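Engineer: Here are the chains, one letter per residue:
Protein chains: 2
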Amino acid sequence: MLLPFLPAIQQGNIKALAGCITLIENQASGSLDLLKALPVSKTPVIGITGPPGVGKSSLVNALTGTFLKQQKKIAILCIDPSSPFHRGALLGDRIRINQWAQHPDVYIRSLASRGSLGGLHPRIFEITDLLKAAPFDYILVETVGIGQSELEIASLADLTLVVLMPGSGDEIQAMKAGMMEIADLFVVNKTDSPGSKQFIKDLQSALYFGTKKTDIIETVATEDKGIGLLTAAIETRLQSIAQKEPQNLTEKAYRLILAGKMKEIDKEDLFKKIHAQMPAGDFNIYRFVENYLSADH
Amino acid sequence: MLLPFLPAIQQGNIKALAGCITLIENQASGSLDLLKALPVSKTPVIGITGPPGVGKSSLVNALTGTFLKQQKKIAILCIDPSSPFHRGALLGDRIRINQWAQHPDVYIRSLASRGSLGGLHPRIFEITDLLKAAPFDYILVETVGIGQSELEIASLADLTLVVLMPGSGDEIQAMKAGMMEIADLFVVNKTDSPGSKQFIKDLQSALYFGTKKTDIIETVATEDKGIGLLTAAIETRLQSIAQKEPQNLTEKAYRLILAGKMKEIDKEDLFKKIHAQMPAGDFNIYRFVENYLSADH
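Here the protein sequences come in this chain order: A and B. So that you can map any letter, position 231 of the first sequence is 231 in my numbering, and since no number is skipped, the others follow by simple counting. So that you can map any letter, position 56 of the second sequence is 56 in my numbering, and since no number is skipped, the others follow by simple counting.
Okay, chain A solo, but in the shape it has when bound (with noise of 0.2 Å):
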């Protein structure tokens, strides 16, 4: 049971806040329980997305330092692209921004993104909800846009910063395309970089073929340069967006339904049937489907 540690995360006790993560992450019994206790919570969740290079760590770190002068309470969420493979890659992220990690008001959590059904990770949706039940006043999660990862962030974030830098290839221009419709606010970190002013001209342009008014705000995080203003836009672009929570339900939902759906299909199961089948010689995966779909399951 884990429904008597909520009171202790409710007052702030992080170690039973990491504990009952830890035990959200493995799916562990009683989890559920604890998740369909929570209260409703207004706590905002701030998704900081973009492409590989851009300053993502270094945008949190100088948000977070912000944050904390203003005597806010901060959790970070970090959605690594890791792999069982390589392990430990995106360390010098994670130093840079663990400078706050012993602040008694910052909480940091790195998650790996393996394995998911979208890209981002598969318990993001719980684990941000339990960490709305703490009196946390902001919720920063931070994740590379790419995939639809996109999608996923824009759904569990109140607010979505899309942090592009001026200059990048092709391809890395055209997975921006994709973050473009959920970016709430744009950040144009190291401004200082050549080619800003024709990179924020252009972005600009494209804006202005675009259906939402949206943003631009230059920043040269690593020396804190226009985080002030990010942060005030941050408050305001906040109070004007309470109304978008019933669409970010139904796609948690929707996601959460169909993770109980997948249950179902059992691929072990799957595996067997097209094994014994395939020796016919005619094996063909649409009827098989439409076999699969129309018995009993």
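By construction, these hints were calculated from the structure, which means they are not laboratory data. Please note that the accuracy of each hint is not assured.
Quick partial rundown of chain A residues pointing at chain B, CB under 10 Å, derived from the structure [claimed, not checked]: (1) 32; (2) 35; (3) 37; (4) 251; (5) 258; (6) 261; (7) 265; (8) 268; (9) 281; (10) 283.
Listed below are the simulated BS3-like cross-link pairs for lysine-lysine, each with C-alpha atoms no more than 25 Å apart in a straight line [stated by the list, open to error]: (11) A:132 x B:273; (12) B:42 x B:72; (13) A:267 x B:42; (14) B:272 x A:42; (15) A:36 x B:273; (16) B:263 x A:261; (17) B:132 x A:273.
Covered stretches of chain B (in silico footprint by chain A; criterion: 3 or more residues with CB under 8 Å from a CB of chain A, positions within the stretch not fixed) [what the hints assert, rightly or not]: (18) 25-36; (19) 246-259; (20) 263-271; (21) 275-284.
Being a predicted model, the structure only gives us computed values, none of them experimental. Where is the CB? At the ideal position from N, CA and C, for every residue including glycine.
Knowing the structure of chain A, use the given hints to seat chain B on it.
Structural biologist: Below, chain B alone, put in the same frame as chain A:
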């Protein structure tokens, strides 16, 4: 009815093939009947994946040139990380490949990756299966290896080439980690760039600690260097991995069944239900999902 087009496709009629691909893309009525009628085919599907900027398109270009010299017929599927916002962002890459676009023995099709469950294209499996019915010797599928797409490409392809290049940032290194596990062959491209020797050494050590033996082929695709070695390695590997089929089919079946099950989840309906229950003030999404799954869906 698309079924009458099947004989034309099998005889190499490109217009019939292209038209049917479009209809499959749009899930036109009759496309499932066509898929259910497809005969068993052994045409090898070669996946080419890797981080942005490593030269995957140049490699596909060079491979195609070498296969054509061997009198082979080639189909190329390019999965573009494009978006409604910024169509055409990858034009540069496409033009490089399109050196072969007018060649009678090459068929090139570009698919946008948006909206897919896992990062590739929602109908990529079906389209590849249709291509396998046409008289091609090889089907090349090129995709940016990001997010979940690496897992999909592994279940789609009979042989997966992971393309890397010497030197790149921390995060790109980490993305590679996921690709390590799916590689049947590594291609280190741009070996004329600095740090090449050290990079290959590092990759070899990383592989040494891995679970499977994977060869490394060095290329400079833009100058056709190493491409002969690569095609030879591809042919050797293809002969030895015929037994991959049932695992791949299980993954395919899983995804097709999942897509069938996803149709049953009506987002509009979810949104209405959530919207109706929220004013009560104690909305909890885990209780909501539990109720939804236990109801008759």
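Engineer: Could you check the structure against the hints above and give me the numbers of any it violates, in ascending order?
Structural biologist: none
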